[in-house]
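Using the sequences and the accompanying hints, generate a full structural model.
These protein sequence lines map, in sequence, to chains A and B. Everything in the first sequence is counted per the numbering used here, starting at 1 for the first residue and increasing by one. Everything in the second sequence is counted per the numbering used here, starting at 1 for the first residue and increasing by one.
In case anyone wonders, no lab produced these hints; they're calculated from the structure. Beta carbons: idealized from backbone N, C-alpha and C, even for Gly. Just so you know, not all the hints are guaranteed correct.
[What the hints assert, rightly or not] SDA-like mimics (lysine to any residue), calculated; alpha carbons at most 25 Å apart, straight line:
1) A:Lys-102 x B:Glu-178
2) A:Lys-174 x B:Leu-169
3) A:Lys-62 x A:Val-166
4) B:Lys-102 x A:Thr-163
5) B:Lys-62 x A:Ser-199
6) B:Lys-62 x A:Leu-106
7) A:Lys-62 x B:Trp-173
8) A:Lys-174 x B:Arg-107
9) A:Lys-174 x A:Arg-161
10) B:Lys-102 x B:Gln-70
11) B:Lys-102 x A:Leu-169
12) B:Lys-62 x A:Ser-68
13) B:Lys-62 x B:Arg-28
14) B:Lys-62 x A:Ala-74
15) A:Lys-174 x B:Val-166
16) A:Lys-102 x A:Gln-44
17) B:Lys-174 x A:Val-166
18) A:Lys-102 x B:Glu-191
19) B:Lys-102 x B:Asp-14
20) B:Lys-102 x A:Ser-68
21) A:Lys-102 x B:Lys-62
22) B:Lys-174 x B:Lys-62
23) A:Lys-174 x B:Gly-176
24) A:Lys-174 x B:Asp-14
25) B:Lys-102 x A:Arg-161
26) A:Lys-174 x B:Glu-191
27) A:Lys-62 x A:Lys-102
[Stated by the list, open to error] FRET-style restraints, in silico, Cβ to Cβ:
28) A:Asp-153 x B:Arg-2: 23 to 29 Å
29) B:Arg-162 x A:Val-73: 31 to 37 Å
30) B:Arg-54 x A:Gln-137: 30 to 36 Å
[To be verified] If you want the footprint, here are the derived chain A segments under chain B, 3+ residues with CB under 8 Å:
31) 83-92
32) 117-130
Number of protein chains: 2
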Amino acid sequence: MREAFHEQLDSVFDDLAGICRSVEAAVRLATEALLTGDAEVAEQVISADVEIDRARERVEDKAFALLSLQQPVAGDLRTVVAALRMVSELERMGDLSVHVAKIARLRVPHVAVPEEIRPTVARMGAVAEDMVSRVSQIITGRDVEAAIALGRDDEEMDQLRRTSFVELLSDDWKHGVEAAVDIALLGRYYERIADHAVSVANRVVFVVTGQNPRAVGA
Amino acid sequence: MREAFHEQLDSVFDDLAGICRSVEAAVRLATEALLTGDAEVAEQVISADVEIDRARERVEDKAFALLSLQQPVAGDLRTVVAALRMVSELERMGDLSVHVAKIARLRVPHVAVPEEIRPTVARMGAVAEDMVSRVSQIITGRDVEAAIALGRDDEEMDQLRRTSFVELLSDDWKHGVEAAVDIALLGRYYERIADHAVSVANRVVFVVTGQNPRAVGA
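So, in structure tokens, the structure goes:
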């Protein structure tokens, strides 16, 4: 019984890692659409999101079956509930990628991001993609050290968001209100993707150690 | 045993309604700070958020105790998991109110929102506050009809956000990029508060009927 439980739990975590890889692709393609103004790539992100939603439902069904049929207690119970929370956050990261893709699509045939701020936004996209990529490895390897390191690296995203605000609020800004609003919202979406990535990684720390990251030296 | 379980579950739902009332106060005060530039009121929202976070932890502890000690199955299990999700969303709504209050505080002694767009932003705040207020009644009364009605009323918030964008992107906009960015982000925060309110109400529908709102005619 215990062995069957842990096999099924491993299968849930494999699914979570798979969803995380889909989110990673969504973040990468959304950023590509944003920086190139490619409508087809933006559409691809938007239409692929339904797959992430379906994968989320399958994980929820599995987790509920585990809770109902195996009646886990203590650490096992907390692990299944953590998995339910992780899948909600991963789905939300997919939604945020769709928001990025929709800003890209809205400005086609133009590129939403003015040229001089493109490096900052490109870096936001790269940091978000890298964080999501590391989260799928953290889930697969139950890697506590990598999870704690991820929490520390979140600061670059905050710094990038501040940089983008300095640029768009400077007297040199020549691209008007619309582009500034786009960039403020994009900064917010990437920041939230990064926040959720850290949160999912923290849940892995909790699942493995039974403690929150701060208690294990993060 | 079953009776003890349902008494404890009722106590969890009482706590959820209480947290929802704290969120309602946070939304109201954040909007007040925003429209008056009152730094003290903004600080009040920001410092009170720790109480919402603590209340969330207490609900989580109760819910885990219910799961561990009472081992609910089927509908009872789904209800406890729904309560865990509701408390996460309520805490998030508190965080979003803090974001609103922080924009207010950032612009003190000025008012972040230019005068001609204040009616639109005031209405966003009022709609959000009203939705959160209705959610606490929906939780207390397990009121499926009111929950379904709430989902329909979410449209006003979307419309207000569109209105604010039309105003700040018009040629008549004289308040520069900073105020426009503030209003775009404020619109996003209020919209997310409304989204979470609908989501919490939908979970009440699920708890009472065992079905998602669409299946019961929403």
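Cross-check of the supplied hints:
1. A:Lys-102 x B:Glu-178: holds (23 Å)
2. A:Lys-174 x B:Leu-169: Judged against 25 Å, a Cα distance of about 15 Å means the pair holds.
3. A:Lys-62 x A:Val-166: violated (46 Å)
4. B:Lys-102 x A:Thr-163: holds (19 Å)
5. B:Lys-62 x A:Ser-199: holds (22 Å)
6. B:Lys-62 x A:Leu-106: violated (46 Å)
7. A:Lys-62 x B:Trp-173: violated (52 Å)
8. A:Lys-174 x B:Arg-107: The hint holds at about 23 Å.
9. A:Lys-174 x A:Arg-161: holds (19 Å)
10. B:Lys-102 x B:Gln-70: violated (42 Å)
11. B:Lys-102 x A:Leu-169: holds (18 Å)
12. B:Lys-62 x A:Ser-68: holds (19 Å)
13. B:Lys-62 x B:Arg-28: Cα-Cα ~29 Å, so violated.
14. B:Lys-62 x A:Ala-74: holds (13 Å)
15. A:Lys-174 x B:Val-166: holds (20 Å)
16. A:Lys-102 x A:Gln-44: The given pair, whose Cα atoms are some 11 Å apart, holds under the 25 Å limit.
17. B:Lys-174 x A:Val-166: Distance ~20 Å between Lys-174 of chain B and Val-166 of chain A Cα, so the pair holds.
18. A:Lys-102 x B:Glu-191: Within the cut-off at roughly 17 Å; holds.
19. B:Lys-102 x B:Asp-14: violated (30 Å)
20. B:Lys-102 x A:Ser-68: violated (43 Å)
21. A:Lys-102 x B:Lys-62: violated (41 Å)
22. B:Lys-174 x B:Lys-62: violated (52 Å)
23. A:Lys-174 x B:Gly-176: holds (11 Å)
24. A:Lys-174 x B:Asp-14: This hinted pair is violated, its Cα atoms lying about 53 Å apart.
25. B:Lys-102 x A:Arg-161: Judged against 25 Å, a Cα distance of about 16 Å means the pair holds.
26. A:Lys-174 x B:Glu-191: Violated, because 29 Å separates the two Cα atoms, which is more than 25 Å.
27. A:Lys-62 x A:Lys-102: violated (32 Å)
28. A:Asp-153 x B:Arg-2: 23 to 29 Å: Roughly 48 Å apart at Cβ, these two residues miss the hinted range, so it is violated.
29. B:Arg-162 x A:Val-73: 31 to 37 Å: Violated: the Cβ-Cβ distance is about 49 Å, outside 31 to 37 Å.
30. B:Arg-54 x A:Gln-137: 30 to 36 Å: Check passed, 34 Å falls within 30 to 36 Å.
31. 83-92: With 3 residues close enough to chain B, the hint holds.
32. 117-130: Our answer is that it is violated, as 0 residues pass the Cβ test (under 8 Å) against chain B, missing three.
Hint violations for this structure: numbers 3, 6, 7, 10, 13, 19, 20, 21, 22, 24, 26, 27, 28, 29, 32, all remaining hints satisfied.
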